[in-house]
Amino acid sequence: FKLSLYINHNITTYALISFRNSFISPRFVQNSAGQFFSSGHTNNWAVLVCTSRFWFNYRHVANTLSVYRSVKRLGIPDSHIVLMLADDMACNHRNPKPATVFSHKNMELNVYGDDVEVDYRGYEVTVENFLRVLTGRLPPSTPRSKRLLSDDRSNILIYLTGHGGNGFLKFQDSEEISNVELADAFEQMWQKRRYNELLFIIDTCQGASMYERFYSPNIMALASSQVGEDSLSHQPDLAIGVHLMDRYTFYLLEFLEDIHPSSKTNMNDLFKVCPRSLCVSTPGHRTDLFLRNPESVLITDFFGSVRKVEITTEVLNLTHPIQRVEGSPVNGESHREVYSYVDQLPVSEIIHQKPKQKDWHPPDGFILGLWTLILLVFFKTYGIKHLKHIF
Amino acid sequence: MAAHRCRYLACLLLLFLSVILVTMSQETTLGHEQHELVIRPLHSGDIYASFQFRTVWETDFMKGNKVSHYRLFPKSLGQVISKFSVRELHISFTQGYWRTMQWGQPFIPSPPGAELWVWFQDSVTDVDATWKELTNVLSGIFCASLNFIDSTNTLQPSASFKPLGIGNGTTDHRFLRYATLPREIVCTENLTPWKKLLPCGSKAGLAVLLKSEKLFHSSFHSQSVHIRPVCQDRQCKSSSWELRQALNVVFDLHTSGQSKREWSLFKMFSRTLTEACPLASSSKIYIDVTDNPQEEQFELSPATPLLSQAVVLGDRRTFSVYDLTQQVTFGTVRSLNLMIRWKSSEGDMLRPLLHAERYVTGYGLQTGEIHTLMYNNHPFRSFPVLLLDSVPWYLRLYIHTLKVISKGKDNNPSYIHYQPSKDRERPHLLEMLLQLPPHSVTEVTVQFERALLKWTEYTPDPNHGFYVGSSVISSLVPSTVAMETNITMEQPLFSSFFPCKEESSYFARVYTEPLLVNLPTPDFSMPYNVICLTCTVVAVGYGSLYNLLTRSFQVEEPNPGLAKRIANVIRRMRGVPPL
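Protein chains in written order, with the numbering used here: chain X, 59 to 449; chain Z, 751 to 1329.
Okay, chain X solo, but in the shape it has when bound (with noise of 0.2 Å):
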């Protein structure tokens, strides 16, 4: 029911543009209605997620990394990337090789990169803030480049990594999301159409329950593991002392490798994307709520920032030259004041300095003014000869 609404507005928005040029012939009408229903999304954004805290869990910071990776190479820029990692395993002190993340062992690929931009880092990557981020509802002063600012024609990857079990996800060892949070989270972005198509791609042990509880249109999800299967990790590197990678996340990134911004690989290749046998978790995928065919998919409608360019050939005449507004004029006062350096330590000003405002206290007399009050009530009700008790 609320998907035909949404048609039946798309329709009658492009039925308005159509009859507003209806002098356009009716063969590019019929292009334009085929691209149109083709795709239906104008921009891309990605937010990618690692949960975890400690140097233990190196492998989660090198699959969002690696995926990150992807995203910038298939052409997606870091203003429409929100990248989350809830600790920093590059600078960690324990890494034996600073400012690099690996994901292949002898080191072989620096997912890490050189134009990295972390977004939300350390203590900052919290249940909350990650909601706030998915529902925009974020402080008036948060920066551009820590907010979602997707609207109802972008195609959002969230990429979520961590530790999680059945019905919930962990964030930094303190705190959890269930799916029923993740799922309403996602409603509300439907409702106030932030996004037009969604993939959810998350790599957890028993990742398939996260996907379980959402009810909103438009969302194909992804999962490294069933319910009751753990996913596990690929293979440790012995100089670093870690393991690098989760198995399902590696292999997604070999499959990533071979994408390039032109390739027409579908939706059906990265569901084949380790099987059992390389895994050993079963990866499940869930499509019932999207409207297209997952073969008419591209990969590259959520991993690659994919614009549609079209180029004309008419000449635009310039009949007026441009005027150069000219600065406000000189203040032409006589008198400037000469400025100077200030005296960095000057010890007898600070010597004299009159002591700063003070939070302000009732005056003293007051206090005293109220005890005398309270006294001479006292000696009024029960009478003056208890005065002498007290001096």
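Among these hints, one or two may not hold up.
[Stated by the list, open to error] Pairwise CB distance ranges, derived in the manner of DEER restraints: (1) X:Pro198 / Z:Ser1275: 35 to 43 Å; (2) X:Glu315 / Z:Ser1031: 26 to 34 Å; (3) X:Ala297 / Z:Ser1031: 40 to 48 Å; (4) X:Val285 / Z:Ser1302: 53 to 61 Å; (5) Z:Gln871 / X:Asp346: 58 to 66 Å; (6) Z:Tyr1148 / X:Pro198: 40 to 48 Å; (7) Z:Arg1301 / X:Gln284: 39 to 47 Å.
[Said to hold, decoys possible] If we take Cβ atoms under 10 Å as the criterion, some of the chain Z residues that face chain X in the derived model are: (8) Ser832; (9) Ser835; (10) Val874; (11) Asp878; (12) Lys882; (13) Gly890; (14) Cys893; (15) Ser895; (16) Gly917; (17) Thr938; (18) Glu939; (19) Cys981; (20) His1167; (21) Ser1225; (22) Leu1226; (23) Lys1251.
In case anyone wonders, no lab produced these hints; they're calculated from the structure. Virtual Cβ for every residue (Gly too), placed ideally from N, Cα, C.
Chain X is already provided as a structure; the job is to place chain Z on it using the hints.
Here is chain Z on its own, set in the frame of chain X:
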């Protein structure tokens, strides 16, 4: 609809091109750019490299001019300055601690973690609200968690941190805010936006050397941004904006995997230089050769005829200069790889005149004592220091136990400013002006008690401990040579950061170590354990009691075999009682 959009795009493109042409034809001095790299070999075999990138922008924000055209000055910072009416902004990100005893004084000091101090202009009405917004915006620009700066770690020093730029005399400390985050991590994600602020980015000039894999594999790494108003000319009637970006790094001889003592640009940065940034009016490399007048200690190649002297940090130093704007510097191979080869090991290093340490003593999780030690190594001169101490509210200081002792005797400060903390609102602030006697150690001690936090206030890893920010010691250290009091454009950048008012001493700022203090931490796994245990006990107890009270026993016939069952059926049909 699409045709309209394309026409609009084409119109925009042509407009953009024409604006570019117009501005290019008016090559005004909207600003200039100076780049510099200073390499100073240290006594212990390490090497200290200090980059400074300076952009001067001739526009006067203080007069309230609105600007919309940015050329060399980065637009993100320019908009921040104008929106928040900032007079001065100093922000630094540091990884590691500067060891003054082994390495001497840095050109631009900085404490471990992140430090931000800002002077607002007089027109700001609500300084605290503006400060909060400014920290949030800066956290987005520099990819750092500066949004954790709030009233619990913001200070308003009353005498330290005077403005480093020009002013018209009065400094009202109501417009100053200072905060430090000792826990802040510095990594490539902070270097990336820092490099983007440079006009040439990291594509040309000295910034090509800034590769994160080498920069963070060091003993000390600090990057900072300093914005302040400076004199436009000698008369100093109008101001212009100066943006200095500084990067200090100390490379360790042993962790970089070397056995022989030999340093080169390629070994330090894994890059060589091929050209200067075309937008820079001056781009130079200075190598400190003061200890090497006849090349008996180390050998510098390729050789350079340029030599310059500068008074920096109270001492006259000699530098070999490589001018990157001259093509001859790069030689025939079109690339410059400076090499410094040591021939002999050296003698003693001069001890720095001012040096400070700080540590916590005590045992247990209830009380403790903070000791701050300040060393004055000058043989006969004493000098004043201003100590700024900031302690978070959860370490409750007992100020009546504050003692300052120099050479065994009490040393009374000539100025004390103490602001006690308010729980969960503001930290302790202690500022003292002390005179350090010559050749002595001054010890400042104060006792404290640890508070118990609410369980939601603990970080996800509370057993790591809680950080106390570094103390700041600002002082006028006597110098051995006369300092330059007129700051001109021709001075090298590293000697013109702190303004000098008198010739006999120079201003220095020393930071102590941050402290790591353990607070009494509850065991966060206990609620889960308690629930499990209690539920088990209740289930076992209640279950047994319920069974005892309500269970009744009935005799049950065993299930008869198949033959007997058939016989029972036949008997029932016959009307006879079953077996």
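Here's how the hints hold up against the structure:
The hinted range of 35 to 43 Å is satisfied by Pro198 (chain X) and Ser1275 (chain Z), whose Cβ atoms lie roughly 38 Å apart. For Glu315 (chain X) and Ser1031 (chain Z), the hinted distance range of 26 to 34 Å is not satisfied, since their beta carbons lie about 44 Å from each other. Separated by about 46 Å at the C-beta atoms, Ala297 (chain X) and Ser1031 (chain Z) satisfy the suggested range of 40 to 48 Å. Taking 53 to 61 Å as the suggested C-beta distance range, the pair Val285 (chain X) and Ser1302 (chain Z) does not conform, at roughly 41 Å.
Judged by the Cβ atoms, the range 58 to 66 Å given for Gln871 (chain Z) and Asp346 (chain X) holds: they are separated by roughly 59 Å. Between Tyr1148 (chain Z) and Pro198 (chain X) the C-beta distance comes to about 41 Å, which sits within the given range of 40 to 48 Å. For the hinted restraint 39 to 47 Å between Arg1301 (chain Z) and Gln284 (chain X), the CB-CB distance of approximately 41 Å keeps it satisfied. A distance limit of 10 Å between C-beta atoms decides the matter here; for Ser832 (chain Z) the minimum to chain X is near 15 Å, and the interface restraint is violated.
Hint on Ser835 (chain Z) is violated. Least Cβ distance to chain X is approximately 16 Å, over the 10 Å limit. Nearest Cβ of chain X to the Cβ of Val874 (chain Z): about 16 Å, over the 10 Å cut. The hint is violated. Interface hint at Asp878 (chain Z): violated, since its Cβ lies 13 Å from the closest Cβ of chain X, which is beyond the 10 Å cut-off. A cut of 10 Å between beta carbons decides the hint on Lys882 (chain Z): the least distance to chain X is about 7 Å, and the hint holds.
The closest approach between the C-beta of Gly890 (chain Z) and any C-beta of chain X is roughly 2 Å, which is under the 10 Å cut-off, so the hint is satisfied. Proximity of Cys893 (chain Z) to chain X holds as hinted, the smallest CB-CB distance being about 5 Å (cut-off 10 Å). With a least beta-carbon distance of about 5 Å to chain X, the hint placing Ser895 (chain Z) at the interface is held under the 10 Å criterion. Checking Gly917 (chain Z) against chain X: minimum C-beta separation of about 5 Å stays under 10 Å; hint holds.
Below 10 Å, beta-carbon pairs count as interface contacts, and Thr938 (chain Z) has one with chain X at about 5 Å; its hint therefore holds. With its C-beta approaching chain X no nearer than about 4 Å, Glu939 (chain Z) sits inside the 10 Å limit, and its interface hint holds. A least Cβ separation of about 6 Å between Cys981 (chain Z) and chain X falls short of the 10 Å threshold, and the interface hint therefore holds. The criterion of a C-beta within 10 Å of any C-beta in chain X is met by His1167 (chain Z), whose closest approach is roughly 7 Å, and the hint holds.
Interface restraint check: Ser1225 (chain Z) against chain X, minimum CB-CB distance 7 Å, threshold 10 Å, status holds. Below 10 Å, beta-carbon pairs count as interface contacts, and Leu1226 (chain Z) has one with chain X at about 5 Å; its hint therefore holds. Because the beta carbon of Lys1251 (chain Z) sits about 5 Å from the nearest beta carbon in chain X, less than 10 Å, this interface hint is met.
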